[in-house]
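Asks: Chains as they are written, first to last, in this note's numbering: chain S, 1 to 282; chain R, 1 to 290.
It is worth saying that the hints were derived from the structure and are not from the lab.
One should not assume that every hint holds.
Unchecked claim - According to the in silico footprint, chain R covers these stretches of chain S (three or more CB under 8 Å from chain R):
{"hint": "1", "region": "117-125"}
{"hint": "2", "region": "154-162"}
{"hint": "3", "region": "166-174"}
Please read all numbers here as calculations on a predicted model, not as lab measurements.
Note that the Cβ used here is the ideal one computed from N, Cα and C, for glycine as well.
Residues per chain are reported as follows:
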Amino acid sequence: MTVADLARAHAQTMPYAYLDERSKREVRRAMLKALALPGRQVPFASREMPVARGWGSGGLQVTLSMVGPGDVVKVIDQGDDGSLNASSMRDLIAQTAAVETTTRTREASIIQSRHRIPEIPLRADQLLVLQMPHPEPLRRVVPDPARAAAMHAEGDATPAWVELYDDTVRHGGSTGGADHPILVDGVSLASPSPVPRFDVLTLDRRPHPVILGAGRLARITALPPWTSVQPLAFADRPLRTESAGGPCERCDSAESYRVEGNPGSGRWRCSDVDACTDRRTT
Amino acid sequence: MSLPTPVVQAPRLAPPPALLRVEGLRRLFGPGCASCLTSTGDAAGTNRCPACGTIVALPGIDLEVGPGEVLGIVGESGSGKSTLLRSLALEQPVDGGRAELEGVGELFALEGRARRDVRTRALTIVHQDPFSAGLRSQLAAETNVAERLLARGDRRFEPLSMEAGGMLGRMGVHAGRHADPLGTFSGGMRQRVQLARALIRRPQLLLLDEPTTGLDPSVQATVLSLIARSIDRTLAGTVVVTHDLGVVRLLADRTIVMHHGEIVEEGTTDQILEDPVHPHTQSLVASRLP
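Work out the full structure: start from the sequences and follow the hints.
Replies: Shown next, in the form of structure tokens:
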């Protein structure tokens, strides 16, 4: 028996796109506020979702609040449309909103992603939704959320610079891995969600909006179109992107973000499956 | 008959303006009542109010520190000297009074970022425990020092590293250890790092809270020598709180003695140590180890 069967048995109907209209309006209001305050963390009433908190419940609420019958939805996890997590969420969206889904970046109107930003350039009419487990960029250096909030309000990003300085002194550069902080419009310190540094450098002045949803911590952050987004980096030490051990064994690209199939195997492949496919077929 | 020697009146020099002027500094721990101030203090022999139990840590302290002057504060445990220093360091709220720092203004009126800015730029405190002063054990020694420069807004790595590393070098921290986490340093080395951090922005007012307590005598001597040299170099006004009369003898130009929250004696350090007047000061001086 499904939830829909249970609802029918009790004379209830499932709302369109899973969330009831009040919940969707609440999420959309938070998104509008976030768009008006680029890079700021805007609280919202995060709902219980049929995925564990921290597994994309924030991104899912954003997508379900925005999706309409005419949309085409793409969901990726680590650049891959076929992962279990991406497939489950894509199925949920498709079943509850009756929308078309796709694995092709160019065909999608809404792209929900975890850990990657599609490498194929997006258009102004597309929406990028990023799942964001940790919206607070100062969490590692300022454990007290109230103090961190005060520092954001005062535009004081010193703790993040201290963390970067320490990484540079001890390791020669940022070791933040897939969570390098960004400066939005030169003033707001934000977390870009756990995307690789390769992707962080592509966030500047994109023609489409980016909405970042953190369901567990009930925060939404937004980057309106054409927003200035710079990685936190010293003027004389630009941010270095990750390096791969070789070109993609499928498309032969040496420019894309590549991951090793099995650690130590020396076989590198593009992380963005659709971009890799696109290169092979064109 | 000899003529009387003419009396030459020496020109009276106006005293230099105080770097720090504190008036009526009050700090209570408890609800407070009308009799708190009259029933506590040196004369009453206690700083606990018998009516309401409030601890009157500081009933209304007045003091001044001149530019380049080192003021020592001594007294037994619980006399209020550390409360006084932490109030001046803006580490805790006060219940009354003013503290004017030259070029900054009224310290106790500062809030938010302005308060934090003053605490990294104009005044700085060196604690007995470096981690009480905000140093972090997991960060490299150089990072702990450079944090003060990053707070100033410097955003070029190489000049920052040169300045922070240079200060650590002057404090005797070998260059090969600048990138090591502070948690791996000995107590004496941590104090050197703390001192480097405290002095990197040439503060107007340096506050030292038992800076050598807990260190072995040879390390104490080295750290005290560093402090004395640094004070000469920066010409900062300095307030040093200590139990150790040897520390004030070495560092302080002037010394005040506190008892039950009040200043019971004040004078040049030699005067206090060689010719104490107040019975409590006499007791402190007499209890010195040979």
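Asks: When the hints from earlier in the document are held up against this structure, which numbers fail?
Replies: 1
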